[in-house]
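There are 2 protein chains.
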Amino acid sequence: MAKVLTSQAEDFPRWYQDVVSKAQLAENGPAKGQQVIRPTGFALWERMVDELDERIKETGTENASFPLLIPESYFAKEADHVEGFAPEVWMVTHGGGKELEEKLAVRPTSEAIIGEYMAKWTKSYRDLPLLLNQWANVMRYELRTRLFLRSSEFLWQEGHTAHASYEDAHAFTLRILHDVYADFMENVLAVPVLRGIKTVDERFAGALNTFCVEAFMRDNKALQMGTSHELGQNFSKAFNIQFQGEDGQQHLAWTTSWGTSTRMVGGLIMCHGDDSGLRVPPNLAPVQAHVMVVKDSDEVHAEAERIHAALKAAGVRAKLDLRGDVAFGRRAVDAELKGYPVRIEIGPRDLKEGQATIARRIAGTKEPVALDGVVKAVEAALEEDQKALFDEALDRRVSATREVATLAEAVEVAQTGLARVPWSAVGVEGEAEAAKSGVTVRCL
Amino acid sequence: MAKVLTSQAEDFPRWYQDVVSKAQLAENGPAKGQQVIRPTGFALWERMVDELDERIKETGTENASFPLLIPESYFAKEADHVEGFAPEVWMVTHGGGKELEEKLAVRPTSEAIIGEYMAKWTKSYRDLPLLLNQWANVMRYELRTRLFLRSSEFLWQEGHTAHASYEDAHAFTLRILHDVYADFMENVLAVPVLRGIKTVDERFAGALNTFCVEAFMRDNKALQMGTSHELGQNFSKAFNIQFQGEDGQQHLAWTTSWGTSTRMVGGLIMCHGDDSGLRVPPNLAPVQAHVMVVKDSDEVHAEAERIHAALKAAGVRAKLDLRGDVAFGRRAVDAELKGYPVRIEIGPRDLKEGQATIARRIAGTKEPVALDGVVKAVEAALEEDQKALFDEALDRRVSATREVATLAEAVEVAQTGLARVPWSAVGVEGEAEAAKSGVTVRCL
Ligand SMILES: [Zn+2]
Ligand SMILES: [Zn+2]
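Just so you know, the protein sequences line up as chains A and R, in that order. To convert a position in the first sequence, counted from 1, into our numbering, add 5. To convert a position in the second sequence, counted from 1, into our numbering, add 5.
There may be inaccurate statements among the hints.
The list treats identical chains as one, so a pair stands whether inside a single copy or across any two.
As the list claims (entries may be wrong) - Here are the simulated SDA-like pairs of lysine to any residue, each with C-alpha atoms no more than 25 Å apart in a straight line:
#: 1; residue 1: 108; residue 2: 44
#: 2; residue 1: 125; residue 2: 330
#: 3; residue 1: 317; residue 2: 146
#: 4; residue 1: 103; residue 2: 77
#: 5; residue 1: 27; residue 2: 62
#: 6; residue 1: 82; residue 2: 161
#: 7; residue 1: 62; residue 2: 311
#: 8; residue 1: 226; residue 2: 410
#: 9; residue 1: 357; residue 2: 329
#: 10; residue 1: 125; residue 2: 171
#: 11; residue 1: 381; residue 2: 315
#: 12; residue 1: 103; residue 2: 396
#: 13; residue 1: 371; residue 2: 77
#: 14; residue 1: 62; residue 2: 324
Just so you know, these hints were derived from the structure itself, not from any lab. Quantities reported herein were computed from a predicted structural model and do not represent experimental measurements.
Okay, chain A solo, but in the shape it has when bound:
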């Protein structure tokens, strides 16, 4: 097949750009750092939303919707928060042709506005825990942007909860980290993650502690895939989130916030993609099985439709491509680019032999299968290849990780992989030192 992408070895960032563009996942928007997410890319995000939303709801969290625009004065209430976000804010100054009395920030995150409402809704310990989430767009002004990975606008979910005790808030922060984020990433995205705590430097503006999940990409760099923050009583103090306890006294609540975003689409591409394009894990894939006619004829057409229907009936997310008038090679390259896990190819010759060809994007195999065995073969391939993709990613990370004893060694190893070093050998000064070599402390 023709080479359509820059290879990863040659230029990884260029390869990434090529995949995003040629698989028609996204493109740049008209203004600085904006992105247009095209149907093929958006379908990946939709599947992520479905799977995450289910897990979020299992924790008892409910979805809600808060305003896009936040009065400037709300940010001022929590000192660290405003300091952290003020430089990144996009500001609305006019509405209906007139200048507004108070400027409104396009939300970069919603702690400030949700805190205000939590204070209204939290009267008694019976109202707690208050577990809220919203799926929304947010904006942060960015100078250097890359599609999905760093953009001025992105889509995300942001969870915001209030609890009666430190212990309950702490436990919930970790529950989200493990049962929602890590579970989803490992079992659906097939991306093995490291779970840890951010250093003070990398912490969310206004948080006590930021927990995170980090994944290892094929360029031997780590990518943050999600964060879960213990906000302690910082926001409760700023927004006066109080409740009457069982003891009849007023107490300040303990709050948390946690988020994952369209950045995960970027992580997915960089963790699993290869020189032919994307490889989408079966459990995520919006299209798990792609039924293609090689060359069209009435019989081929009918058989392709039959297989497509049988796959759907078996619960497989299947897509049917009957475009016999478009060159097969071109369509096959496109399918490889988009990374559909399994391709079922049917042509007149296959049909005569009572078989179809199954091409597996992850295993890289291409084999004939008897027509009445297609559904079973597809199901088996999906299950095997989900596991294979995870194992491959895990192996890659394990081989790239070195246990080292000193900061100097860690900085050296980090040029080509991950270093595991005792925090006592790094410390806050060491972190600043390492940053000079472009190395960051990701997880404690």
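With chain A's structure known, arrange chain R with the ligands on it following the hints.
The following block gives chain R with the ligands in isolation, referenced to the frame of chain A:
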């Protein structure tokens, strides 16, 4: 039970406000016309999204995501469009602490930005039809606002499609109107709708024709529930959406756009609500069956859990309320307010007699049912009450509609209902005349 709402007969707008507030559906946001949609209200919207999204996808339309902020210059490209929307726009002038070179409008709708991309993606007739939809937030500056019905920010879906011929575009506009919007509203929301064409005055800014679905509320007024616009070649000309036809020549595409929004939540409340609160149609209801312990005991608790599990296993969306320590009366009033279709009440006395009590919000009945017959009884009630709610709404509209021959009669009838009058008796001048009496021409 205590009266918690203003009655509809006394003051309908006040009743509406009371329901929205006391059923905890939504509240006002901090800035002008903003709204906070609370979990109970948002769950209604989430169900609407699920059902509509399924129908939208069945038409072959795919979801995508376009930027929130649109350069001012984009609006200028289609003259009617800019004229219609300019007065309603919220404007971003600063980002990252600096003034922007070009002002960016918070999208009031996305024809302008999607048109720009359609032009890039539409090269040949093979690329058509191009069927796109996005679920998004939009903002329009409003002076007089009401939660869900008219707000500065709302959530919606906006479909945008491009076609190779007038006929194909026209047919698609109607397909959305009938197979997606009307089908959803009548079969899920149990809201009978009138389908028609807007007059020139009420048409979407930049459209050839605006089709709409209108529903009849309990205050005898019509509410627009959705619109589907034929944009002709207006936007294709403005944005240069061209394609090479089968004839090898360049042609302008024919485009459409269509939308429904969180306003439907307001319509649902006003079409079905009564003096005790909301009545949610079973096919929509996020909670179809609400299992409540009247007074808690180990046996009651166990039986309530068993029934809850049995309902879920049967595919009923069920919720379990085990708060035996909160007064039953208070919880029952809350359930009536929130309008869950069926309530299953279990107390120690019921249990002794081997039964539970089934309270139906729509039929208004309350009857004992043997414990092993609960699931069947619930399923039957859900089916019956979905139909009953639709029939009731249809009857109400039919009795309130009068066939009249002249404009004067129509204006009189419109004070308390709907008038059906020949357009030849109204005309553009008549429409302006009627407007003086606060009467609008809704459907042709
Ligand atoms: Zn970490
Ligand atoms: Zn109409």
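Status of each hint after checking the structure:
no. : hint       : in the structure
1   : 108 to 44  : neither (35 Å within a copy, 28 Å between copies)
2   : 125 to 330 : between (62 Å within a copy, 23 Å between copies)
3   : 317 to 146 : neither (43 Å within a copy, 46 Å between copies)
4   : 103 to 77  : both (18 Å within a copy, 16 Å between copies)
5   : 27 to 62   : between (35 Å within a copy, 24 Å between copies)
6   : 82 to 161  : within (24 Å within a copy, 32 Å between copies)
7   : 62 to 311  : between (37 Å within a copy, 21 Å between copies)
8   : 226 to 410 : within (20 Å within a copy, 76 Å between copies)
9   : 357 to 329 : within (18 Å within a copy, 69 Å between copies)
10  : 125 to 171 : within (21 Å within a copy, 53 Å between copies)
11  : 381 to 315 : within (10 Å within a copy, 32 Å between copies)
12  : 103 to 396 : neither (58 Å within a copy, 47 Å between copies)
13  : 371 to 77  : neither (59 Å within a copy, 52 Å between copies)
14  : 62 to 324  : between (29 Å within a copy, 13 Å between copies)
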